[in-house]
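Peer 1: This is what each chain is made of:
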Amino acid sequence: MPHQKDALSQHVIEVRGLHKSFGDNPILKGIDLQVSAGEVVSIIGASGSGKSTFLRCINLLEWPTSGEILFQGENVLERGYNIPAYREKVGMVFQQFNLFSNMNVLQNCMVGQIKVGRKSKEEARLTAMDYLEKVGLAQYIHAKPRQLSGGQQQRVAIARALCMEPEALLFDEPTSALDPEMVGEVLKVITDLAHTGLTLMVVTHEMAFARDVSDRVLFMDDGVIAEEGEPAGIFTNPKSERLREFLTRFLS
Amino acid sequence: MTTWDWIERFLQLYWPQFLKGAGWTLLLAIIGTVGGFVIGLLIGVVRTTPLYSGGQKRRSLRSVLLKIVNAILAVYIEVLRGTPMMVQAVLVFYGLMEFAGIDITSSAAGMLVITLNTGAYMAEIVRGGIQSVDPGQTEASKAIGMTHWQTMLNVVLPQTIRNILPATGNEFIVNLKDSSVLSVIMVSELFYSTQVIKSIYYRTYEPFLIAATIYLFFTFTSSRLLRLLEKRMDGPSNYTLISSATTPELLKQNRRYQAGATRRR
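Same order as they appear, the protein sequences are chains A and B.
This note's numbering applies: residue 1 is where the first sequence begins, and numbers increase by one.
This note's numbering applies: residue 1001 is where the second sequence begins, and numbers increase by one.
Fair warning: there could be bad hints in the mix.
[Stated by the list, open to error] Only part of the chain B face toward chain A is listed, based on derived beta-carbon distances under 8 Å: (1) T1003; (2) W1004; (3) R1062; (4) L1066; (5) G1136; (6) E1139; (7) A1140; (8) A1143; (9) I1144; (10) G1145; (11) M1146; (12) Q1150; (13) N1154; (14) A1167.
Derived by calculation from the structure, the hints in this document are not laboratory data.
Glycine residues also receive a C-beta, built at the ideal position from the N, C-alpha and C atoms.
Can you build the whole structure from these sequences, using the hints too?
Peer 2: Structure follows, in structure tokens:
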């Protein structure tokens, strides 16, 4: 499977005192987090609480204002750190799928392996076919993204991320842009991934998924992690008033 | 003699001159558009390069250099778009001789001017084309570890080129017609040739009717051809499903192929 357990460092990703402001507008106000290898972490919270910004900071699609992000013990914000190589190991799946529209399904899954991973075309094709089969789309390799449904596009996007054989995958509301009947097929793929031992961080509004699949749930509120713990505790015995409010709104 | 008689006579006597003029016009338009396209692409890429890499807003040698280059390019675009090509032709042709002592032929000066001029317009077209590519795809490409250049070459520019194809075709058609202003420095394109032919018999109307027909033929044909090219680039609108029965087969083939490849190595 795509991840390799690192014997030396328990934590794949460690975040220390992360702050992010857009102009004078603080979005993240000091986040500390440690994610162990193979852990599945769900991040829940109201819109505007900073969940997506936090995830995008981890992949450096947003540059943090201050704080540290450690990957396998090394600070990725350090000057001279090889960011493309880091992103290769920490993949990302987006709300809007973001497939390359100038390529077909197979090419979408091959291009990164060839250009970044320096694999041969045949190796890349083989890996791509394997993962496309896993997400149930091996039949569609010749289709262009615009010819697929949202759920299919998202599954291709997941295959594309897996093709880089990452250590961890970040999911930014992977089912929020989908029609209700397509949410299931994508969640199933992510659930299967969770069982393979790949490290996952999932920003989601799917409470059932967070409860049943994740090892740990983070509740973000107003730019901080307001509460965290095992899903059972978070969902059945929320401590803070805000989380209780949030859950009643979502679960009713 | 009627108009038709004159046209017949001009065609009979001077068809090689018309043909040569038409040839030059076509050549100037092709060189100008292709050269301008390349210039535009380069400038467009430079002008959309982020000033700071990695998100750190630290001033570096790279960011300072980039700012200077951007300023120079902005001046180039403003000057070339803000003055008539006819004036540019005169300034380049006589200016090079006067100030740099470079004596180039009028044809070479003409090619240079039409290329530089088209480049300025194309630079803006390319910039718009790059900005119109979905930024989410740029992020996705970075998220699988591609550098800025890899993202540009593999994701952004292929889409940009498709997007700006209609505008580039338009530039080509404009060049076919506007190359006529290069007659001011005696480039023997179609307009200049027609003027020469006119002055032999002092009949204006007929030679220019012939010239107009040739221009129209060029522009009409090229706009059709460009439309075809656009369709070609879009690829087929349907796709073939690989049947699930053949998928394992396909995988096996891949494996066999790969095994073969390794053995050869």
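Peer 1: Taking the hints in turn, state whether each one holds.
Peer 2: The hints, checked one at a time:
1. T1003: 53 Å, violated
2. W1004: Where the cut-off is 8 Å and the nearest Cβ of chain A is about 53 Å from B/W1004, the hint is violated.
3. R1062: 13 Å, violated
4. L1066: 18 Å, violated
5. G1136: 4 Å, holds
6. E1139: 6 Å, holds
7. A1140: 4 Å, holds
8. A1143: B/A1143 check passes; min Cβ-Cβ to chain A is 4 Å, inside 8 Å.
9. I1144: It holds, given that the least Cβ distance between B/I1144 and chain A is near 4 Å, below 8 Å.
10. G1145: Interface hint status for B/G1145: holds (3 Å vs cutoff 8 Å).
11. M1146: For B/M1146, the interface hint holds, since the closest Cβ of chain A sits about 6 Å away, which is under 8 Å.
12. Q1150: Holds: closest Cβ of chain A sits about 5 Å from B/Q1150, inside 8 Å.
13. N1154: 6 Å, holds
14. A1167: 18 Å, violated
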